[in-house]
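Keeping the supplied structure of chain A fixed, place chains B and C upon it in accordance with the hints.
Protein chains in written order, with the numbering used here: chain A, 1 to 273; chain B, 1 to 326; chain C, 1 to 340.
Since the hints were derived computationally from the structure, they do not count as laboratory data.
A couple of the hints might just be wrong.
[What the hints assert, rightly or not] Okay, derived cross-link-like pairs now, EDC-like style, lysine to aspartate or glutamate, Cα gap no bigger than 20 Å in a straight line:
#1 C:K289 with B:D201
#2 B:K278 with B:D302
#3 A:K167 with C:D118
#4 B:K278 with C:E217
#5 C:K57 with C:D328
Computed from a predicted structure; not experimentally measured.
If you want the building blocks of each chain, they are given just below.
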Amino acid sequence: MPLRFNLVVGGTLFALAVFVGLFAPWLAHTDPVMDANLLNAEEPPSWTWWFGTDAQGRDIYSRVVHGARISLTVGIVSQLINTFIGVSLGLTAGYLGGWWDDFVNGLTNLMLAIPSLIFALAIMAVLGPGLTSLLIALGLTNWSFSCRIARASALSLKSQGYVQAAKVLGYGNLRIMVTQLLPNMLGPIIVIGTLGLGSAVLAEASLSFLGLGVRPPYPSWGSMLSEARDQITTAPWLSIFPGLAIFLTVLGLNLLGDGLRDILDPQSRSTRV
Amino acid sequence: MTAVPLIEVDDLRIDLDVQGRRVAAADGISFRIDRGETFGLVGESGCGKSITALALIGLLRHPLSIGAGRIRFEGREIQNLSPARQRELRGDRIAMIFQEPMTALNPVSPVGRQIAEMFVLHKGKSWREANRLAIEALASVRVPAPERRVKDFPYQLSGGMRQRVMIAIALACGPDLLIADEPTTALDVTVQAEIIELMRDLCAAKGTAVLMISHDLGLVANVCRRVAVMYAGRIVEEQSSDDIFRNPAHPYTRGLVGSLPRLGSRAAHGQSRLQEIKGVVPAITSFPHGCRFNPRCVRVTDVCRTVEPAVDLLDAGGLVRCHHHG
Amino acid sequence: MRAALSGVIIMADSASSAAADVILRVRDLRVHFHLSGGLLGKPRVLRAVDGVDLELKRGECLGLVGESGCGKSTVALSIVGLQAPSSGSIELDGEAVTAGGSIDRKALARTAQIVFQDPYASLNPRQTVRRTLEDPLRLHGVRARSEIDDRVATMLAHVGLRAEHADRYPHEFSGGQRQRIGIARALILNPKIVVCDEPVSALDVSIRAQIINLLLELKETLGLSYIMISHDLGVVEHMSDRVAVMYLGRIVETGPWREIFERPAHPYTRALIAAIPDPLLRVPFVRAKGELPNPLKPPDGCAFSPRCRYVEDPCRREPLPALERHRDEHLVRCWRAKEL
Chain A
1 MPLRFNLVVG
11 GTLFALAVFV
21 GLFAPWLAHT
31 DPVMDANLLN
41 AEEPPSWTWW
51 FGTDAQGRDI
61 YSRVVHGARI
71 SLTVGIVSQL
81 INTFIGVSLG
91 LTAGYLGGWW
101 DDFVNGLTNL
111 MLAIPSLIFA
121 LAIMAVLGPG
131 LTSLLIALGL
141 TNWSFSCRIA
151 RASALSLKSQ
161 GYVQAAKVLG
171 YGNLRIMVTQ
181 LLPNMLGPII
191 VIGTLGLGSA
201 VLAEASLSFL
211 GLGVRPPYPS
221 WGSMLSEARD
231 QITTAPWLSI
241 FPGLAIFLTV
251 LGLNLLGDGL
261 RDILDPQSRS
271 TRV
Chain B
1 MTAVPLIEVD
11 DLRIDLDVQG
21 RRVAAADGIS
31 FRIDRGETFG
41 LVGESGCGKS
51 ITALALIGLL
61 RHPLSIGAGR
71 IRFEGREIQN
81 LSPARQRELR
91 GDRIAMIFQE
101 PMTALNPVSP
111 VGRQIAEMFV
121 LHKGKSWREA
131 NRLAIEALAS
141 VRVPAPERRV
151 KDFPYQLSGG
161 MRQRVMIAIA
171 LACGPDLLIA
181 DEPTTALDVT
191 VQAEIIELMR
201 DLCAAKGTAV
211 LMISHDLGLV
221 ANVCRRVAVM
231 YAGRIVEEQS
241 SDDIFRNPAH
251 PYTRGLVGSL
261 PRLGSRAAHG
271 QSRLQEIKGV
281 VPAITSFPHG
291 CRFNPRCVRV
301 TDVCRTVEPA
311 VDLLDAGGLV
321 RCHHHG
Chain C
1 MRAALSGVII
11 MADSASSAAA
21 DVILRVRDLR
31 VHFHLSGGLL
41 GKPRVLRAVD
51 GVDLELKRGE
61 CLGLVGESGC
71 GKSTVALSIV
81 GLQAPSSGSI
91 ELDGEAVTAG
101 GSIDRKALAR
111 TAQIVFQDPY
121 ASLNPRQTVR
131 RTLEDPLRLH
141 GVRARSEIDD
151 RVATMLAHVG
161 LRAEHADRYP
171 HEFSGGQRQR
181 IGIARALILN
191 PKIVVCDEPV
201 SALDVSIRAQ
211 IINLLLELKE
221 TLGLSYIMIS
231 HDLGVVEHMS
241 DRVAVMYLGR
251 IVETGPWREI
261 FERPAHPYTR
271 ALIAAIPDPL
281 LRVPFVRAKG
291 ELPNPLKPPD
301 GCAFSPRCRY
311 VEDPCRREPL
321 PALERHRDEH
331 LVRCWRAKEL
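Only chain A is shown next, with the shape it has when bound in the complex:
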């Protein structure tokens, strides 16, 4: 199979972001929080300061590298929560049907009607800022897409012969959902999960930008943008590099999601050679 452009580029970008996040302590030149030195404040990018320095003289490169850790952790963990909630609700709703399906459907529609960022803001307002509340807020507000996909897959899969056969063999509902339905809907769920991961990284940036979520001095890409907004004309590198990090990561995830859709979509995969 010819390697697809979007799969390769997207995968590379995302792998790079994960690599940077994992090895941040070794890749960073200085400590992102402690190594402030007002003598080096607002240096433009140079051979010494690759991405320049901020008003406290901290190395932007090191902060972007450490920011990958926080941004990706928040993105991945919250997206895992989203996928878990979405798939559990969607799978059970689609397979069991009845009042539970109506209830989940109503809940999904409700979630889709409220802008998820505003909903997340409301949750943050109740829980107070911080990493844990950020994870909860983002993890509770973005599951409607995976729920819809899981429900639609369950609806179409449950009439398949092998699901019927499992019932006749005496399988219980939970066993059927886990062994017969779930493995056969993983493809679209992974695609939606990957695309959702991009929005989760963006949402983290937005919330941190608004001062909720990760608080200074700890670096996340969103909080760095937030701190940089007053100096956007005098020291543009303060915004450019974290912004570029967000842009490339989200772009990479979207390309990866599209590429995965191409290979995991059951329609395009031949069943018999």
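Here is chains B and C on its own, set in the frame of chain A:
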């Protein structure tokens, strides 16, 4: 003196593009259909019967293409016609009906309009005139209350009614050749019998030649005067439909005729083991060497595994492609 | 003592409910679907199965024939517990399946199994053959590794697959082999009754004989009883001991296979036989006219009357004809059966 046949297929090869590699999905296909004649192509899924039909009507699309050979319509080669000329031929001179009429009909247009369109497109009639002709066409395919049915949308009709509409569209312009690809496979047997009878009557009355394609040898033999059996991209036998049932020459045809439980055979022979054709149908990408049927054949010898058999003439009239026929 | 007694009355009326050799008894089965009537219409009732009685004896194959929409598949699904009946009773091996609505799926699974039509959709594409066969065994309490391996290997051999096939996925098999796997899955729990729902219709013509032979062989070696559902009369005649013909949710004719196919009494059965496209088969019967009526608005009187060539006035009026004795075990639901 022999008249020019209506359609003549000469050593046709159809290529399938499998990720840049070209494999022959069907080759060495030769047959002729005379004006007003009924001819059947029988075979299992993947034997190449449907793509042969698509080649005749100029509807092969990537990854399929004509690799070699000629198709002559009234003596004129048509395999290299421009798309515009092919469109002219299609519908007007050569028409086709498909297995599933629901997907072949436009779901958002009333059936009367879809029939009338043919008269406007190919015969240059006005819409008013075409609508009148559409009602006549529906009546001719024995649809009750045609003046009301023309306003129906395809979903409002039963499967049998939809197939009647397809036949009305196909025969609207009085084509010389009707290609019917599994026209009744989606229908119940009692309805199938009616549709087949309708198709046979109408084509006989109008002198339309029929190329019928099906996996059901009995059905094809019922409709057609001559039958060709395809296996793994080759025509392996061609005979009159009576002979092919009574004296099948190719071991594959023999197997097909003998393997199916026919009504009345249990009363005659008891509940004996059915004669099986062993093995499986080969994939297009891995047709066997030599005779393509050799891994499944009961008469196989060494020569079958290495040498592809040539076409032999049968005494009774007919063709067979087998080293050990008869 | 009771068993000896019941052995004598097996051929008698259905009064012999204790007859040991009746393994499946369906009584007055009805499956009605309630459809909403859209924005304005009244809710409507689709009577998919409307009062079906069946008996299957041990070791017997009962053929269920009819065109799409006649309710034969709904009967099959009810027997294996995939479709809840609206009313009526199903007794398997003396145990009521449908009493009180709740069914013991596991117990039912060890008695009745089903082979589906489509060998492509009926196997989980993400499970190897071994898993497909092992999981049900574990679920039903077979714990010992050696026993599981043993039973999987035996079953593969039974259906004509090789041991190394066990670790392959469904997409690596052809249609005929997949159907063999489907049969193996249906038989792995040693059921007594197997419902075969059009088991060869989706297969290539040259493969069908293999599967038909296999099913008949397994019936003998494993002592199975079959409900054989098909629209192909040739297949049904070849496999069945008794046959029931269904039309619009009801049985219109039933009896031993020879009676049904050599002396069919119902005009619909005759029409089915007349519609077989076999150039060598010459039958004196007339075909049906028209198509299946809308099952939501079934005709008054005999359901077949609008399509029947022998129709007379009484046929179109209520009440509908009863399923009555025609000759010995041959029952027919037709006002004119005796005259025809």
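* Holds or violated: are the alpha carbons of B:K278 and B:D302 at most 20 Å from each other? -> Holds - the C-alpha atoms of B:D302 and B:K278 are around 18 Å apart, at most 20 Å.
* Asked: Taking 20 Å as the top limit, are the C-alpha atoms of A:K167 and C:D118 close enough?
  -> Holds. A:K167 to C:D118 sits at ~17 Å (cutoff 20 Å).
* For the pair supplied as a hint, B:K278 and C:E217, is the alpha-carbon distance within the 20 Å limit? -> 16 Å, holds
* Are the Cα positions of C:K289 and B:D201 separated by 20 Å at most? -> 16 Å, holds
* With a cut-off of 20 Å on the C-alpha distance, tell me whether C:K57 and C:D328 pass. => Roughly 17 Å separates the two Cα atoms, so the pair holds.
In summary, this structure violates none of the numbered hints.
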